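Q: What follows is the residue order along each chain.
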Amino acid sequence: MVSLLLIVTASLFFTGIIIRTKSILSGRKGPGIFQPMKDIWRLFRKGSVFSETSSVIFQIAPSIYFASVLMAIFLIPFGNMPGIISFKGDIIFFAYILALGKFFNIISALDTGSSFSGMGASREALYSLLVEPAFFILMGSSALLTGHTSFHEIFSSLHFGSHISYAVGTLAALVLIIIALVENSRMPVDDPKTHLELTMVHEVMILDNSGFDLGLIHYATNLKFAMYGALIANFFLTPGYELYYSIPIFIGVQILFAMVVGFVESFMARFRMNHNPQFIIMLTSISLLIFLGVLLILGKFV
Amino acid sequence: MGFIIGICCNTLFFILLLMKVKEAWKSNVALASVLINCVLSSSLAIPALQGKPFEQSFYGGFVFGQIPIRIDALSAWFILLMNFTVLTGILYGRRYMKHYEHQNTHLTLHFCSYITNHFAMICIYCVQNTFAFLCVWEIMAITSFIMIIFEHTKIETLKAGINYLIQSHVSIMFMTLGFIWVNSYTGSFDFNAIATYSSSVNQAIGFILFLCFFVAFGIKAGFVPFHTWLPYAHPAAPAHVSGMMSGVIIKLGIYGILRMLLLIKGDYLITGYFILVISIITGVYGVLLALVQHNLKKLLAYHSIENIGIIGIGMGIGSIGLGLDNTYLAFAGFAGALLHTLNHSLFKSLLFYCAGTVYQATHTMDIERLGGIIKKMPQTALLFLVAALAICGLPPFNGFISEFLIYSGLFNSISNLQLTSTTFLVASIFGLVIIGGMAMLCFTKAFGIIFPGLARQEQPVSMREAEPSKLFPKYLIALFIVFIGIAPQFIVSVVSVPVTQFTGENIYMTQPKEFMNTLQTISIAAFLFILLCIAIIWIRKMANKNSQIVVAPTWGCAYATPSYKLQYTANSYVRSFRKLVSYVLMMNKAEGEIKDVFPKPIFSSTHPYDRLEMLLINIPLMHLKGFVGRFKFLQNGKTQFYILYGVFFIFIIIILPILANIIKDLLGLIRQI
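Note that the protein sequences, when read in sequence, are chains L and F.
With my numbering applied, the first sequence covers 1 to 302.
With my numbering applied, the second sequence covers 1001 to 1673.
Source of the hints: derived by calculation from the structure; they are not laboratory data.
Remember, predicted model here, so these are calculated numbers, not experimental data.
Mixed in with the good hints, there may be bad ones.
Said to hold, decoys possible - With a Cα cut of at most 25 Å, we get these calculated DMTMM-like pairs of lysine to aspartate or glutamate:
hint : chain 1 : residue 1 : chain 2 : residue 2
1    : L       : 88        : F       : 1591
2    : F       : 1565      : L       : 242
3    : F       : 1545      : L       : 197
4    : L       : 300       : F       : 1325
5    : F       : 1541      : L       : 52
6    : F       : 1375      : L       : 39
What the hints assert, rightly or not - Computed list of chain L residues with no C-beta within reach of chain F, every gap over 12 Å:
hint : residue
7    : 37
8    : 63
9    : 171
10   : 188
11   : 264
Claimed, not checked - Computed footprint of chain F on chain L; a stretch qualifies when at least three of its residues, placed anywhere within it, have a C-beta under 8 Å from a C-beta of chain F:
hint : region
12   : 10 to 18
13   : 96 to 102
14   : 110 to 120
15   : 124 to 133
16   : 146 to 156
17   : 247 to 257
In this text, a Cβ means the ideal position worked out from N, Cα and C, and glycines have one as well.
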């Protein structure tokens, strides 16, 4: 329950911080950190335009997408407190429920009959296919290291000992950051602020969504960011800490994460489309490196 | 004895009846026969699944000897899942075949084969005499061949049928080889002889025996590289037969492999590694080929190969678990494999039935020509969507449960094994994830291009939703899919009975309970998710109540006259992925060039082809043809020559032993010197 509240809180200001960071780095003042939330709230109260091509899929898909993100958040623990639902193997459920949301997003993009939406859908499906192994191998390494298969048990028995384990922890955080960037369609892979439909990935999928549905999709993105932030934070919330330590650590990690995203977006250009798969596959190799690191820690190479 | 005579008489009676009744009644007669056989076999299978195996033996005459009929939990599981799909198959098929009602004799033959096929499959699952087993297997192979070539006026159908017939006989050849091998050492036709023989020889020989059976049953199941018949046979058959073939007939292969795993007590570890590696390749390769296919039924056929891969991964890690005495891994692996067998038979038959409905409405299976069907056929679209989500292994549907079992076995055991096994397990996690991701890419393509959007080709005016009697069997399957998805604990408690045949009785108390607790939570999570969806959709409805809703054309990025041709195509949808894996695939591309001042119409076409089929079937066949072609001069059509060949042959037969004797004498002479 604590984690849900904290993630929702973090999601309120997360994108705001990214935008603020970018503004400051480019020498502007920028909007307040709650501006994105205000935009979303405005969208919630607006009317909608639906394409005459679209069917019922287009109507329900954003809701299911949002529900899937919420469901995934339910599984995230907070330090040694389990999430709302926690069971052996919930890491698998986590990945698959997110995939379900994505499935609906993709078919709703194809539902509009627009070639641009189809293009975005194709790219999104491809990138999420490529990014999935990285997540699973990362979680496999954690399972190997701790002997557990649920988020809660993994994070509550994860402690750092040797030098290698610090390296592994850092690499894991790096992998999670990049996964979050890919999954949320942020900078080196996709540019959310681009103005050319041909170069968009996620944004072009939702070209036809408007009003409440668009608000849902935007807010789901914020939630997803905060969710990955929470996962990263969990790596550093050494279990046993009291709430008055761990909550500031959590918020700190979220802010830091948002600032990193802002930094990356300010100083990096988007990759060429055909370089994206290489970049994402690199991620899998980093996670394999983590796996090898864990094998080293456990001394299985003897 | 009574049981076998019962289903024999029932099948024979209904075959005779089929020939007598009018066209309109044939399908009902077939349905009645299938129903009775289902009831008869289920009445023995259900107690067997509760732990009371059925065993009987009767004397089958001088040729067969004693024929034991054994229905243990494993057979019972397969009989029950087969019965369900065969039943829904005939329920759907009798409506599907209405289109062919004028072909009276063909219909009779078709329905006769259908019920005989059902009879043969029941026998395969319970007969444990190798000779009798081969006979019923042959009946099954031939009847399914007849069902495949129902539309025998099409040349592709015939080719596919003959391809299937040849490959299934290669399978039978290997099986016969294995059985003869065992029989020559033990002199017994009983399946138990395989167990006694394999425990008496050393493990390497046991493994080779297993390999022999693996090839035999692997051809039936469609493991790569024995999969090449599958993508031809499934699209050629009528929809309900494809659904049944993909749902249950290829599962005969899985049953065979599982049975041999039970009987051949070899080195489970090596066997497990072997199955695991083959299965990962099968899964990944199958889904890769499915991705580039744009013929819906062919795409589904390739997905069967992929799912066989997943089942194989389950069996592989199950055997590794047995080899390492890791009961958790063994339980998770075999339970996942058995459950996925059921799940695949459900969603794949549903997908094929939906494809059949789409085919009869639009008369094409080319995805690129379809589109916008959801508006005319919303229920078919919904059913296809359910099956597509299930086959991608997404919660809260049944595919997730079996994949979850396999995953949890992998993740749980990763930490307490040696380096080699850990590496294999991580490789299989990697394989499963890649398979899952590609399946999602593939089914977003299949659903997203066929159902939503606009039609890519003019559709028949008469196109409308299928009649309720055609939808009923599909809803039945969909219901089952959702039920397993949201209440998995029941089905896993059932599947744990056959699993204990592999893992032994002692762990019966711990593992299933542990899984049951987890699955209980998953079931809660699934319900919670459904509630969440409903709640959000409700909130959305409330919010949209007061706001203005406008319906307008799709935003074409300022393009003035949007047309259906602007939609994304299936080919472009997978293009970026196809480019990534282009070195594995074989894309035969043909393009016309623009020439002259007034160019002619140009074209561009791609025909994806299976590289392995090229390497393993086509090229060797070409060389064989070339070699055999050199002896063409022998076949000159003159009778005198043929008689001469006969005389030559007899002469050689007579002269050979004499020659051998002379050589022997000569050798003796030389030795004396």
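Q: Does each hint fit the structure? Answer for all of them.
A: The hints, checked one at a time:
no.: 1; hint: L:88 - F:1591; result: violated, 54 Å
no.: 2; hint: F:1565 - L:242; result: violated, 61 Å
no.: 3; hint: F:1545 - L:197; result: violated, 31 Å
no.: 4; hint: L:300 - F:1325; result: holds, 19 Å
no.: 5; hint: F:1541 - L:52; result: holds, 19 Å
no.: 6; hint: F:1375 - L:39; result: violated, 34 Å
no.: 7; hint: 37; result: holds, 17 Å
no.: 8; hint: 63; result: violated, 4 Å
no.: 9; hint: 171; result: holds, 16 Å
no.: 10; hint: 188; result: holds, 17 Å
no.: 11; hint: 264; result: holds, 23 Å
no.: 12; hint: 10 to 18; result: violated (count 0)
no.: 13; hint: 96 to 102; result: holds (count 5)
no.: 14; hint: 110 to 120; result: holds (count 10)
no.: 15; hint: 124 to 133; result: holds (count 7)
no.: 16; hint: 146 to 156; result: holds (count 3)
no.: 17; hint: 247 to 257; result: violated (count 0)
Hints 1, 2, 3, 6, 8, 12 and 17 from the earlier list are contradicted by this structure; the remaining hints agree with it.
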